[in-house]
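**Q** Let's have the full structure, built from the sequences with the hints guiding it.
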Amino acid sequence: MKESSLPALKQEVDLFRLERMFNEINFVDPQKVNYRTPSTLNDEGRPINPSILKNSLSNLLDNIKNNSRIAFAPSSDTERKKWYGNIALYLKHILLLLEKLPVENRTEYLIDLALVGSHCGGRYIGECLLTYQLLSGQMMDFSQQILSQLSSMRSGIAASIAPNKSDDFQVHAINAVIAKIGEAKGLPGYDFALQDKGIKYVQVRPADLTFQFDQHYSPATVLERVADEINNHSIGSTGQSSYERALDWFKDHIPEDWTPKNRNYSELFKQLEELSQRDASRQEISEFLLENDIGGSVITPEESRIAKELRILKDQYQELERIESHLKEETEDTNLYRELWKEKLVEFQMSDQLSQKREVILEGLKTKIENTLLSYGQLKQKTSSQEIVKLAKSLIENERKKAFLEEIVENPLDKTKK
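Offset between the sequence shown (1-based) and my numbering: plus 103.
Quick caveat, the hints were computed from the structure, so don't treat them as lab data. Note that the structure is a prediction, hence the values are computed from the model and not measured. Any given hint could be a false lead.
Said to hold, decoys possible - The list that follows gives simulated cross-link-like pairs (lysine-lysine, DSS-like), each with its CA atoms no further than 27 Å apart:
(1) K185 with K113
(2) K303 with K184
(3) K168 with K195
(4) K445 with K471
(5) K485 with K469
Claimed, not checked - Label-pair ranges, simulated between beta-carbon atoms:
(6) I472 with E432: 20 to 28 Å
(7) L413 with S246: 34 to 42 Å
(8) S487 with K445: 40 to 48 Å
(9) K505 with T140: 50 to 58 Å
(10) S497 with K113: 36 to 44 Å
(11) N208 with Q374: 53 to 61 Å
(12) K168 with K496: 53 to 61 Å
(13) Q374 with S263: 39 to 47 Å
(14) S497 with E286: 31 to 39 Å
(15) E405 with L430: 32 to 40 Å
All C-beta atoms, glycine included, are put in the ideal place defined by N, C-alpha and C.
**A** As structure tokens, then:
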């Protein structure tokens with residue numbers, strides 16, 4: 104059995120702290136904090152009480168401590184110890200996450216974990232994974248929240264396509280699905296599921312499961328799920344809008360082989376490659392992009408930087424030249440324009456030239472523009488055709504990403520949600 108993919112803990116964690124945490128649940132006084140109505144407690148429809156829950160939690164922790172033999176856990180002492188070790192690691196991470204929550208928000212998690220001790224090994228696996236997913240999702244950044252939601256989505260699909268069994272045996276049917284297609288489909292708990300001895304009693308065909316899974320997990324359903332979670336505030340927080348962050352995430356996770364129905368981007372890439380083969384000029388490639396409604400300019404970052412610098416210099420020159428034309432007229436507003444001239448020099452970070460004549464400043468600025476323009480031209484000449492083609496490819500890919508969002512997202516994101 105593989106070791107858990109969870110990170111190792113940097114501190115000692117006593118699992119029996121879960122018992123102390125459970126004892127903080129208030130089953131007695133409705134007027135006090137953290138009250139939970141005992142009459143509503145049940146285990147798969149069977150009424151239970153706090154005492155049964157407490158004993159069940161103790162049973163779970165004792166089984167882990169003593170490497171106890173239980174139904175559907177590995178029969179080998181060595182393998183069972185590793186199995187319990189992985190479950191213990193999940194529980195320790197869960198405990199640390201629970202401690203970050205207010206006391207009243209821990210109750211349902213603790214009750215669900217306590218119930219595990221009354222069931223077989225299959226339940227140990229599923230409940231630990233689910234609880235960890237739910238808790239860790241609250242502590243994640245935006246991208247991690249999306250990945251966590253999709254992990255939960257895949258788990259839900261696995262459960263939905265599992266053959267129907269009795270309540271007590273359904274967990275093994277789900278584990279059978281995970282064991283058969285979990286590695287290929289990224290299903291949480293794959294390593295655990297392989298160790299569930301109950302899966303040998305469940306007959307499932309991997310090909311059928313794969314077909315059913317793919318019917319529910321596609322680019323369209325992924326985007327719809329994430330859109331729903333964002334619109335319902337399950338994902339995201341204040342700050343940059345969740346809408347914008349979701350678009351960024353979607354664009355970064357588009358399948359490489361995806362092509363929209365109304366346009367063949369593969370053909371565009373092929374045509375661009377043909378232009379590259381015959382060493383087409385920047386002008387030809389720009390015209391090709393324009394003809395195919397591909398937005399953006401074929402310009403390198405350094406070219407863009409100098410072009411921006413050139414625009415700023417030209418704007419400064421035009422602004423100072425305009426003020427100079429008013430100063431030459433010698434009107435009643437001349438003093439105002441003299442002050443404006445000084446203010447502009449300070450604004451343009453040219454205050455070291457305040458003592459210079461205006462015509463000298465303008466001439467110097469004009470020379471700087473000419474030199475920058477010359478540098479810009481020389482830089483463009485040095486840009487290789489390979490760089491130009493690479494830029495063009497990125498522009499086409501950006502259009503493909505836009506088309507992906509426009510065509511596939513059937514449940515649009517609400518732009519007002521944060």
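**Q** Using the Cβ atoms, figure out if N208 sits within 53 to 61 Å of Q374.
**A** The hint (53 to 61 Å, Cβ to Cβ) holds, given that N208 and Q374 are roughly 57 Å apart.
**Q** Do the alpha carbons of K445 and K471 lie within 27 Å of each other, as the hint requires?
**A** holds (20 Å)
**Q** Do S497 and E286 keep their Cβ atoms within the hinted range of 31 to 39 Å?
**A** holds (34 Å)
**Q** Can you let me know if the beta-carbon spacing of L413 and S246 is within 34 to 42 Å?
**A** holds (37 Å)
**Q** K168 and K195 were given as a pair; does the straight-line alpha-carbon distance stay at or below 27 Å?
**A** holds (13 Å)
**Q** So does K168 sit 53 to 61 Å from K496, Cβ to Cβ?
**A** holds (58 Å)
**Q** Does 50 to 58 Å hold as the CB distance between K505 and T140, or does it fail?
**A** holds (52 Å)
**Q** Is K185 close enough to K113, meaning Cα to Cα at most 27 Å?
**A** holds (19 Å)
**Q** Taking the CB of E405 and the CB of L430, does the distance hold inside 32 to 40 Å?
**A** With Cβ atoms ~37 Å apart, the hint holds.
**Q** Could you tell me whether the CB distance from I472 to E432 stays inside 20 to 28 Å?
**A** Since I472 and E432 have Cβ atoms about 25 Å apart, the given range 20 to 28 Å holds.
**Q** Please work out if K485 and K469 have their alpha carbons no farther apart than 27 Å.
**A** holds (25 Å)
**Q** Using the C-beta atoms of S497 and K113, is the stated range 36 to 44 Å upheld?
**A** Holds, since S497 and K113 (Cβ atoms, about 41 Å apart) stay within the stated range.
Checked against the numbered hints above, the structure breaks none of them.
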